[in-house]
Amino acid sequence: MRKQINTNYRDTEMSHILKNTETIALIGASAKPERDSYKVMAYLIEQGYKVFPVNPQLKGQKIQGCEVYGGLEDIPVAIDMVDVFRQSKYLYDIVVAAKKSHVKFIWAQQGVSDTQAELLALKYNIPMIVNSCPAIEIPRLRR
17 MRKQINTNYR
27 DTEMSHILKN
37 TETIALIGAS
47 AKPERDSYKV
57 MAYLIEQGYK
67 VFPVNPQLKG
77 QKIQGCEVYG
87 GLEDIPVAID
97 MVDVFRQSKY
107 LYDIVVAAKK
117 SHVKFIWAQQ
127 GVSDTQAELL
137 ALKYNIPMIV
147 NSCPAIEIPR
157 LRR
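Counting in the numbering used here, the sequence shown runs without a single skipped number right up to 159 at its last residue.
If you're looking for bench data, these hints aren't it; they were derived computationally from the structure.
One thing to keep in mind: the hints can contain errors.
[Unchecked claim] Using 27 Å as the maximum straight-line C-alpha spacing, the simulated DSS-like pairs for lysine-lysine come out as follows: (1) 55 to 66; (2) 66 to 115; (3) 35 to 66; (4) 116 to 66; (5) 75 to 139; (6) 75 to 120; (7) 66 to 48.
Every value quoted in this text rests on a predicted model; they were computed, and no experiment measured them.
Just need the whole structure built from these sequences, with the hints factored in.
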């Protein structure tokens, strides 16, 4: 059994992260309305977050009225949280990019986790939630 690192946040800690986030880079954004990343992006925008979609193949296009960026380093404002819609094998490199971009928090969607990436986030002192979805947690925490 694989030990998860830095992932057992109490509800108050998740709430703290969500309350202290204004800008979100959504990595793995899709322009297809049937995709989860598209639906979650719409929900986060509806909740008042400023969302910056990231997808190198769609760079320069718009998703839900938001300009798409090729990478974290291309976003012209400070990013509070990265929401990851990529396969687990990419998570380590995303943590490295998050550190370079001074991101405060990393949130990896359901099914996305990697022990080495989690250890690196811990080393960098970047709180990281894995295998979870803010679009599920936000309404649950409000109850």
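Comparing the hints with the structure gives:
no., hint, verdict
1, 55 to 66, "holds, 15 Å"
2, 66 to 115, "holds, 20 Å"
3, 35 to 66, "holds, 13 Å"
4, 116 to 66, "holds, 20 Å"
5, 75 to 139, "violated, 31 Å"
6, 75 to 120, "holds, 24 Å"
7, 66 to 48, "holds, 20 Å"
Of the numbered hints listed earlier, the single one contradicted by the structure is hint 5.
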